[in-house]
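Engineer: All chains, full assembly: derive it from the sequences and hints.
Per the working numbering, the sequence shown starts with residue 1, numbered consecutively.
Any given hint could turn out to be false.
Straight-line alpha carbon distances no greater than 30 Å define the calculated DSSO-like cross-link-like pairs of lysine-lysine that follow [as the list claims (entries may be wrong)]: (1) K16 - K46; (2) K30 - K16; (3) K16 - K41; (4) K46 - K30; (5) K53 - K42; (6) K53 - K41; (7) K42 - K2; (8) K2 - K16; (9) K30 - K41; (10) K7 - K46; (11) K30 - K42; (12) K30 - K53.
Quick list of the computed label-pair ranges, beta carbon to beta carbon [claimed, not checked]: (13) R57 - D10: 27 to 33 Å; (14) L62 - G6: 31 to 37 Å; (15) A19 - N49: 20 to 26 Å.
It should be emphasised that the hints constitute simulated quantities derived from the structure, not laboratory data.
We put the beta carbon where it would ideally sit given N, CA and C, even for glycine.
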Amino acid sequence: MKTELGKRQDTEQQLKERASLLEQQLGIIKASSGQLDEASKKDLEKQLNHYVKEIDRCIAVLSE
Numbered sequence: 001m002k003t004e005l006g007k008r009q010d011t012e013q014q015l016k017e018r019a020s021l022l023e024q025q026l027g028i029i030k031a032s033s034g035q036l037d038e039a040s041k042k043d044l045e046k047q048l049n050h051y052v053k054e055i056d057r058c059i060a061v062l063s064e
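Structural biologist: Written out as structure tokens, the structure reads:
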């Protein structure tokens, strides 16, 4: 019973990760084709800013 639950939880996590990846790919496709509305542009800009901040933190840690 526990192994089945564990397998289902693993499957659920994999599906969530796959859905997230597909959402990111869809956003990239929309951005590259110029089909973004104003709200989507703001969301994309927010996500890009988040990535830049994360990269900056990584660089800071590596340079210590």
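Engineer: Please verify whether K30 and K41 have alpha carbons no more than 30 Å apart.
Structural biologist: holds, 10 Å
Engineer: Is K7 close enough to K46, meaning Cα to Cα at most 30 Å?
Structural biologist: With Cα atoms ~35 Å apart, K7 and K46 exceed 30 Å; violated.
Engineer: Given the proposed pairing of K2 with K16, does the C-alpha separation stay at or below 30 Å?
Structural biologist: Between K2 and K16 the Cα gap is close to 21 Å, so the pair holds against 30 Å.
Engineer: Is K30 close enough to K16, meaning Cα to Cα at most 30 Å?
Structural biologist: holds, 21 Å
Engineer: Taking only the CA atoms, is the gap from K53 to K42 under or equal to 30 Å?
Structural biologist: holds, 16 Å
Engineer: Falls inside 27 to 33 Å, the C-beta gap from R57 to D10?
Structural biologist: holds, 29 Å
Engineer: Can the suggested window of 31 to 37 Å be confirmed for the beta-carbon pair L62 and G6?
Structural biologist: holds, 36 Å
Engineer: Does the structure keep K30 and K42 at a Cα separation of 30 Å or less?
Structural biologist: holds, 13 Å
Engineer: Against the 30 Å threshold, does the CA-CA distance of K53 and K41 hold or violate the hint?
Structural biologist: Distance ~18 Å between K53 and K41 Cα, so the pair holds.
Engineer: Is the straight-line distance between the alpha-carbon of K30 and that of K53 30 Å or less?
Structural biologist: holds, 23 Å
Engineer: Just to be careful, I want the Cα atoms of K42 and K2 compared with a cutoff of 30 Å; is the pair within it?
Structural biologist: violated, 43 Å
Engineer: When you check the alpha-carbon spacing of K46 and K30, does it fall within 30 Å?
Structural biologist: Satisfied, since the Cα-Cα distance of roughly 16 Å is no more than 30 Å.
Against the hints set out earlier in the document, violations occur for numbers 7, 10.
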